[in-house]
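Please put together the full structure from these sequences, using the hints given.
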Amino acid sequence: MNDMESALAERYGAWNWHDQRPDLASVFLESSKTHDALAWLRDSEGYRHLSFATAIDNIERNVFTLTYTLRNHEKRHSLIVHCDIDRGKPLMDSIHLLWGQAWTYQREMKEWFGIDFPGSPRVDEEFVLEGWAGPPMMRRDFDSLAYSDATYAERPGRVTHDPAAHMKAELYPEVAE
Amino acid sequence: MKREKAHIIPPAERAHPDLSTGKYLVMWQGPQHPGITGNMSLRLIADGDTVVDCETHVGYLHRGFEKLMERRLWMQNFPLVCRIAVPEPDFNEYCYATALEELAGIRIPEKAVWLRTFSLELMRLASFLMWIGGQAGAFGHGTIAQWSVTMRDYVLDLFEELTGGRIYHMYIIPGGVRGDIPQGFFQHVLDVLKTVEKNLDDIELVMFHNAIFKLRAEGLGYIPPEWIDQYGITGPNARAAGVQRDLRKDLGYLAYPRLDFKMITGTKSDAYERAKLRLLEMYQSISLLRQIIDMMPKDGIFRGKLPNPLYWKIPAGETYVAAECTRGEYGFYVVSDGSDKPRRVAVRGPSYTHAVSVMERLARGTNIADIAGLMVSLHTYPPEIER
Amino acid sequence: MKEKSKPAPLANEGLPPEERGLFCDAAPREYAPAQGILEDFYNWARSQSLWVLGFGTGCGAIELRPLMTSRFDMYRFGIQPRPTPRQSSVFVIGGYASVKTLKRIVRSYEQMMGPKFVVALGSCTINGGMYWDSYNTIKRIDQYIPVDVYIAGCMPRPEALLAGFLELKKIIREGKAEGQNEYARNFDWYKANQKNVIKDWNMPDYNW
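Going line by line, the protein sequences match chains A, B and C.
The first sequence: position 72 = 503 (my numbering), numbered continuously.
The second sequence: position 239 = 415 (my numbering), numbered continuously.
The third sequence: position 189 = 1259 (my numbering), numbered continuously.
Incorrect hints may appear among the rest.
[To be verified] Pairwise CB distance ranges (calculated):
1) B:S515 to A:H449: 15 to 23 Å
2) B:D367 to A:D572: 52 to 60 Å
3) C:D1143 to B:K517: 57 to 65 Å
4) A:A564 to C:C1094: 24 to 32 Å
5) B:L391 to C:G1084: 43 to 51 Å
6) C:R1255 to A:R571: 20 to 28 Å
7) B:K517 to A:A564: 49 to 57 Å
8) A:A584 to C:A1078: 36 to 44 Å
Hints are computed from structural coordinates only; laboratory data are not their basis.
For every residue, glycine included, the Cβ atom is placed at its ideal position computed from N, Cα and C.
Next up, the structure:
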């Protein structure tokens, strides 16, 4: 898809094109140009089907990486479009007018990551959690186990052995401490 | 550069009738309801018998899979992954295993390819059998459910013989499959397929020539062809509208390029056509299973060698693997950062659009009594919406 | 005969003030068993007509469907699904309970007419199962509603479900299925546990 790669680089400054499989490629874009690039891909290049839209928390680089997976059914090719947004102030253009199911993905990302999409309909409504008072839970600094231990009572009697230490103590008691 | 204006009505637009006039009734076709597939609720506002507004509420089955998967090793995620889409677990295993193999550069042996195809097609058959019972039951036709769930039980017995579990198989693992065909298994499969086919003929006679079913299902939940791309509708819901889209043909994964089958499409996507199309796909699954049994290689290893799963680090990368499940496009988006735990695993379930965006649009103007039938005709399962 | 003092009415804090008077404000009370052979007769009758509430709370619901077919046939045991809590006596909790579902479980359980029993399926109800470190699933269902029988498995087969129902019948016949009375006795404890977990409590304290 070299002509697609050069067209995207020329029009929207895309970089890092990578062919993962013959039918799957991925590319990086600036977050400010992503909405226009997605609209161009949808209208002029035939990537009319939005498979998926989600985010990855790259806490080490202090960014959220948004990914949009598009599919061109005629050419049987899928394209993953990435863009990075600042983790401290997560805002992104909404694509709810391009695809009819995008508002649901954006509502989910708002609840799970805290990424805001101004203008997206019903983006502040609760999606899967009810009465959740904690931080957006898919962020990597949210510890699910600690929250679960603190909130939900456990049945006593659960005991965990590290397999290596346990077998060592059983088979070689004089060596293990 | 001229960009066309989006030709869709904003999907999340709700009707806001004046509730103080006393003309409208707000009710919940709620989680505790026999007419709901799984555990999901619809908040309906009805004017007499007609639904004026519908809002889908999900989240009753949210277990936080994607967060849990980040805390476990790559191999430890297999028991978790099957439980995401409860009635069809094999597609989860297949997509996840294929994503891992792609990122790690593992090739699976030939026999494993055929065994995986076999397992997926058998799962499709079982899932459709459960579905058709629900579709008929939603219109009051309880007999079909008794027949089809029994047939599904025979198929689950086959799964038990092959993998050891009725519902959750954990059969497809990276490198291949977990076990080989037991002695005499294929003869059992062929006997069961014969019984199921005879039963499908009965179901077709009783259900699709029934005057009440035709009256209620025709015209219900009509999806115009323009919505297919605008809403990302896939699977039988899209094929019933005449769109030629089947991932088994488009992607050509596993052994499907070597099998002989035609894409089944309909003329218009309403509940009756969708049900008819799914019945034909059941027959197609049976024929595909017979072909697989004929063409499967008799010997060969069923699982390749894997590195030590406790210390398996997968090279950094990302991939998106999709499969055609009974409802549409089922996808896994897996991102690895080079460590022994996943960075991000995200699941794309087809019901995500069908149950929320499409359902809310279609429910307007429908009779209350048909809402259950409409929801089942879109074949939605809540667990894959909220993971 | 000395009149027992009436307990204080429930403060339905979760509801707006104008609606509080519309809902039940009395805590559930215990029911003493009848005398001797009459109670045995009642227990026999209760054990032979177990009507299950139609609420598929989780994974386990998928193995309830084969029970209604002729292969496993739960109808011969007197077990029947009913659509509303007012007509059912057994609540089958099918597996894990997320917080959102727990609120509806509590609501449905309190709306059921007594004598009522709870059967918990799967290991998720016992100790959290494989979602033991999830932020949205509870780990012990008997902290929130009383449970009479646990059926282990992930998920239990229909035969295991039938064995569990037979165990429930045995317990009822012996007069030991006291979940409802236990709930009334320890109502404050159960309610405190529920309110600890269910953060947006916008329903009455006792959903009768």
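Status of the hints after comparison with the structure:
Between B:S515 and A:H449 the C-beta distance comes to about 20 Å, which sits within the given range of 15 to 23 Å. The beta-carbon spacing between B:D367 and A:D572, approximately 56 Å, falls within the hinted interval of 52 to 60 Å. At about 46 Å, the beta-carbon gap between C:D1143 and B:K517 misses the expected band of 57 to 65 Å. At about 28 Å, the CB distance of A:A564 to C:C1094 agrees with the hint of 24 to 32 Å.
Between B:L391 and C:G1084 the beta carbon distance is about 45 Å. The supplied range of 43 to 51 Å therefore holds. Evaluation of the 20 to 28 Å hint for C:R1255 and A:R571 yields a failure: the beta carbon distance comes to about 45 Å. Here the CB-CB span from B:K517 to A:A564 is close to 28 Å, at odds with the stated 49 to 57 Å. For the pair A:A584 and C:A1078, the supplied restraint of 36 to 44 Å is violated, since their beta-carbon distance comes to about 27 Å.
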